[in-house]
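Asker: As a plain string of letters, each chain reads:
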Amino acid sequence: MVVAEGLGKRFGNRWIFRRLEMEVSAGQRLAILGPNGSGKSTLLKTLAGLLSPTEGKVRLPEGDARRTLGYSGLDMALYPYLSVAEHLEMSGALRSCAARTEELLNRVGLWMARDVPARQLSSGMRARLKLCLAIQPDPLVLLLDEPGASMDENGRNLIWEIAEEQVRRGCLIVATNDPLERRLATHELDLGN
Amino acid sequence: MVVAEGLGKRFGNRWIFRRLEMEVSAGQRLAILGPNGSGKSTLLKTLAGLLSPTEGKVRLPEGDARRTLGYSGLDMALYPYLSVAEHLEMSGALRSCAARTEELLNRVGLWMARDVPARQLSSGMRARLKLCLAIQPDPLVLLLDEPGASMDENGRNLIWEIAEEQVRRGCLIVATNDPLERRLATHELDLGN
Amino acid sequence: MSSTSETRVWRDEVLAIFKKEVLSEFRGKTGLSTGVVFSLSTIVTVALALFNKNPNKMDLQDVCASLVWIILLFASLLTLPRSFLVEEEQGTGDLLRLLARPHAVFWGKVIFNLIQMWLLCLLVAVLFIGLTGIVVTEPLVLAACLFSGGASLVGAVTLCGAIASRAANRAALAGAISIPLVLFPTQWGVSGLREAFGSVVATGGNTAAIGLTAYALLSLGIGPWIYAAVWKQ
Amino acid sequence: MSSTSETRVWRDEVLAIFKKEVLSEFRGKTGLSTGVVFSLSTIVTVALALFNKNPNKMDLQDVCASLVWIILLFASLLTLPRSFLVEEEQGTGDLLRLLARPHAVFWGKVIFNLIQMWLLCLLVAVLFIGLTGIVVTEPLVLAACLFSGGASLVGAVTLCGAIASRAANRAALAGAISIPLVLFPTQWGVSGLREAFGSVVATGGNTAAIGLTAYALLSLGIGPWIYAAVWKQ
Amino acid sequence: MKYVFAVLVSAAIIWSFLVPDAPMFQRPELARIFFWHFPCPMMLTAFMCLGAFFSLRYFVKITLPLEPETNPTERRLWDLRATAALELGFLYAILTMATGIVFSKAQWGALWQWDPRQTSFLIALLIYGAYFALRAAFSDPDQKAAYSAAYMLAATLPLIFLIFVFPRLPQVLAVSFHPTDTIMGGNLKGQYLYVTLTLLALVSVLSGWVYRLRVKAGLLEIDNELEDASGATGAIPVVRPVRVPAED
Ligand code: HEM
Ligand SMILES: Nc1ncnc2c1ncn2[C@@H]1O[C@H](COP(=O)(O)OP(=O)(O)OP(=O)(O)O)[C@@H](O)[C@H]1O
Ligand SMILES: Nc1ncnc2c1ncn2[C@@H]1O[C@H](COP(=O)(O)OP(=O)(O)OP(=O)(O)O)[C@@H](O)[C@H]1O
Ligand SMILES: [Mg+2]
Ligand SMILES: [Mg+2]
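Chains as they are written, first to last, in my numbering: chain A, 14 to 206; chain B, 14 to 206; chain C, 908 to 1140; chain D, 908 to 1140; chain E, 221 to 468.
Bound-form chain A, shown alone:
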């Protein structure tokens, strides 16, 4: 479902990764590993289309990326003055998919905080909201950048559940530094250099 052909990304005059060939097919869970600064997030952003590759190309399943692709990254900010619920409603309207506000928020345990503006959320709550936004349209491809960071026990279990579901629908790619999280993958890609 996700194919990278000779993918390379250069920042300034330094290649973060190059000649990267990979194929992730439905039902697979890929973990992208590597020390800090090895390019996990960069690769994930490139796959998500947030960064343009310096060379090579990325193939995603047909269809509108807004609905076929879910991405949640650490350095992706939320709208400080929009409430949790408003985020989901906006996202639903923009991607023309069902907002499912109550269902999703109950699931990640943010229903009580639905009216809290994002700037008042705790780090873990922010991570949960981003997860919601990523899975809202039941995407075929789910890209998670360190989903477990700053999540508590129950949050981590939640991620496992979601991972299980996701592979029934499509594939999952996780960039992580967490030895526990690493275990939920069926495949690994090590960018360590």
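Derived pair list, reagent style PhoX-like, types lysine-lysine, alpha-carbon separation capped at 20 Å: (1) E/K222 <-> E/K436; (2) E/K281 <-> A/K70; (3) A/K70 <-> C/K1139; (4) E/K364 <-> C/K1139; (5) E/K281 <-> C/K1139; (6) B/K70 <-> D/K1139.
None of these hints come from the bench; they were simulated from the model.
Given the structure of chain A, go ahead and fit chains B, C, D and E with the ligands onto it with the hints provided.
Answerer: Showing chains B, C, D and E with the ligands alone in chain A's frame:
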């Protein structure tokens, strides 16, 4: 060294914590635990003086807080256009303590990236730089909010080392969700509700 | 998808963006206030300048015309680019790029800016006329010029804001690259306002209004496509 | 600590903040090229508005006076408040509060703003006079007014930034506060510039200069204390 | 080859001094400035249009239906061409202004008097300046390329309007001293016409040559960049299964 007397913090009309009594003396390592949104970061910020308590008071060791106190939090941003080294130099000048740029950066493994502007750092590198800033003046009190989040193996070990050292000099308070990190504490404070 | 439902989808997306802008604006109050402060203080400055003069003395109308236009120009430069700059400053740009389509984003923000700008025009016009006591001989021309003038400013400045938003010194850059683009409608704007204030050297207020409208339509027409082109850079 | 080393410490801290501001603003050649294009086009706008008029015709000096002031006002509102607001917008406020002392922060930023503003005044004056060809009858008064005027604008706007920086609705608050604060010196600034341009209705340029200086000193004197008061709220 | 060219140029210059003075000018002998004043805007326009086209080409392939240009290396090439063209265009813009200013000193008696032509062209220069200010503001080459190309697309119509249409608007014609129908109106006759055309031809050849050089230089820069680019271990990361999942 760190004493909280009847400490309470209210946001709007909701008490995050109240009537909190605690005393952390030299050589102790306190872990603040609790589910997401339970108030760990809020407590840490209140201790660091970044938030003013709604009731009660915080007692820190005498001396200028800029030098006796080190704090590193998740939602504390760095200056996007200042390089790693410039951050340490600025901090040194502002706190009138030795910058120790080379020593510290070598220690956390950022020496190679000393000229990279903060906005180009990876999440883990950012966490490392913040750690540097926190320990720069050899503070008596070190407050770390989820230091391990988005750090790789070697980064986590680094935190253990630093924790070991810190208790020789003073005390350490860590807010964390990470079951592994939790182990480095000698004492625990659970805000779980 | 049938065309009608297609249009409904577009409408919803544009509305979603628009709603977002409105909510953020009124909870976090950022853009407009600056513009208002500026226009207020400027107009008072001008009133001071024309202080104890009767502004209907010949060629003061012309000056008034240019002053009104300058105020609108600067106010727009202070206010309009923010809608795009803020996205990058607060780091929500990525989220937007993941959820939305460029045309929806552009139109949502443009509609918001249009409303902002027209309100500003109204404010400036009322205050200016009130404070300087200048006589408006042709209210219709005035209205037309402010309406189309505001729109053309919105078209150009919003686009420039979008283009500058990913750069290091966004705020200043946005101003720098939009001023020259909005400079030449100035000629029309000023001459139109002169006509409205019944200046003697007035040259065709309607041509001015037409010119401004054309400019507005053009910039608003091209804008979204250019934005779509740089959308994911 | 002995007082001399104490002052050295303060100097280092202020310098550190100042250096930070400079680095963040002028990473690479960015700031410069932008600034030039920016001010150039601003002047041209104004000059264009006064299109084919000889600005020494009576009245027009007064208008020029207010135009120059408007330009300065515009520039100051666009650039100055950012120095404080940006800290909160990009979330570096906490870091700053942990590392620095309020007075050092305030003075570091003010010095940066002052230099910025004075350079701007110089540029604007030179370009404006060059392009409109207006005659400066009293260069000294002009210099004095620009100098003190720039300073007072910096004082006022920075003060507002300081006051508003911690409020949730920063910009709005900053705006609301700045209106009266900015309007106040305006009157002196304009009359001073009129005198400089040899207007007939000019009313004491030196008083203006003195007034502006007093205002600047006052605001810059109070500023740090107010800022220190809101520093850790 | 180059020498032939040099000879031709000098010949043309000498010729330009042999032509009779133009009586309709204030300073007939100085009408010759025109020989140099005219080719500049023409070159400027040519390169501006080229730059605009390359900027467009940066985004879309010129096919029907239009489809986006996705190949990164192609894009970098088009960006380079656009920059080269626009830099040269900027040079000619400045030359136009310079010769124009000299000309107006000679014929209108003042270096600058806010003649509509002068104003409009000054604005055109500013837009050009803004383009390069924008380029300077980006550190990432791809963003630099994309956003400056976008700005160029937005600015093209205004530029053309400012240089050609605006001075010919009726109400502007009324107040401007600047001639507009010398060429179109066929008021340029005899030797003047020939000299102008010759110089125009020579200047275009020259600038074409310079343009090619600029592009060559740019290509070399890109290659160097690729060469001394570090960090790529050349090692190809591959996806490897860690265990066969039970459920599949
Ligand atoms: C700074 C002042 C000037 C500038 C910026 C300027 C600019 C230009 C430009 C852009 C063109 C080509 C575009 C067009 O044909 O409309 C042009 C053409 C021309 N200029 Fe100028 N010019 C200036 C001063 C003058 C002066 C003082 C004279 C002589 C009195 C002059 C004589 C001409 C003539 C004869 C043409 C031929 C184009 C035509 O008439 O169709 N220019 N100038
Ligand atoms: N915009 C940028 N410009 C230049 N270099 C960048 C940019 N973004 C990231 N980098 C560099 O690319 C490298 C990889 O960054 P990335 O964020 O992908 O690392 P990562 O694997 O996610 O690390 P972490 O585990 O800490 O998240 C880092 O060395 C970083 O300095
Ligand atoms: N500025 C604020 N205004 C109002 N409520 C706030 C504010 N900041 C935090 N809160 C609320 O206080 C609660 C505690 O936040 P805090 O960040 O301390 O949680 P936490 O224990 O750090 O959670 P996490 O483990 O996710 O970091 C949250 O419910 C949050 O919504
Ligand atoms: Mg990362
Ligand atoms: Mg927290």
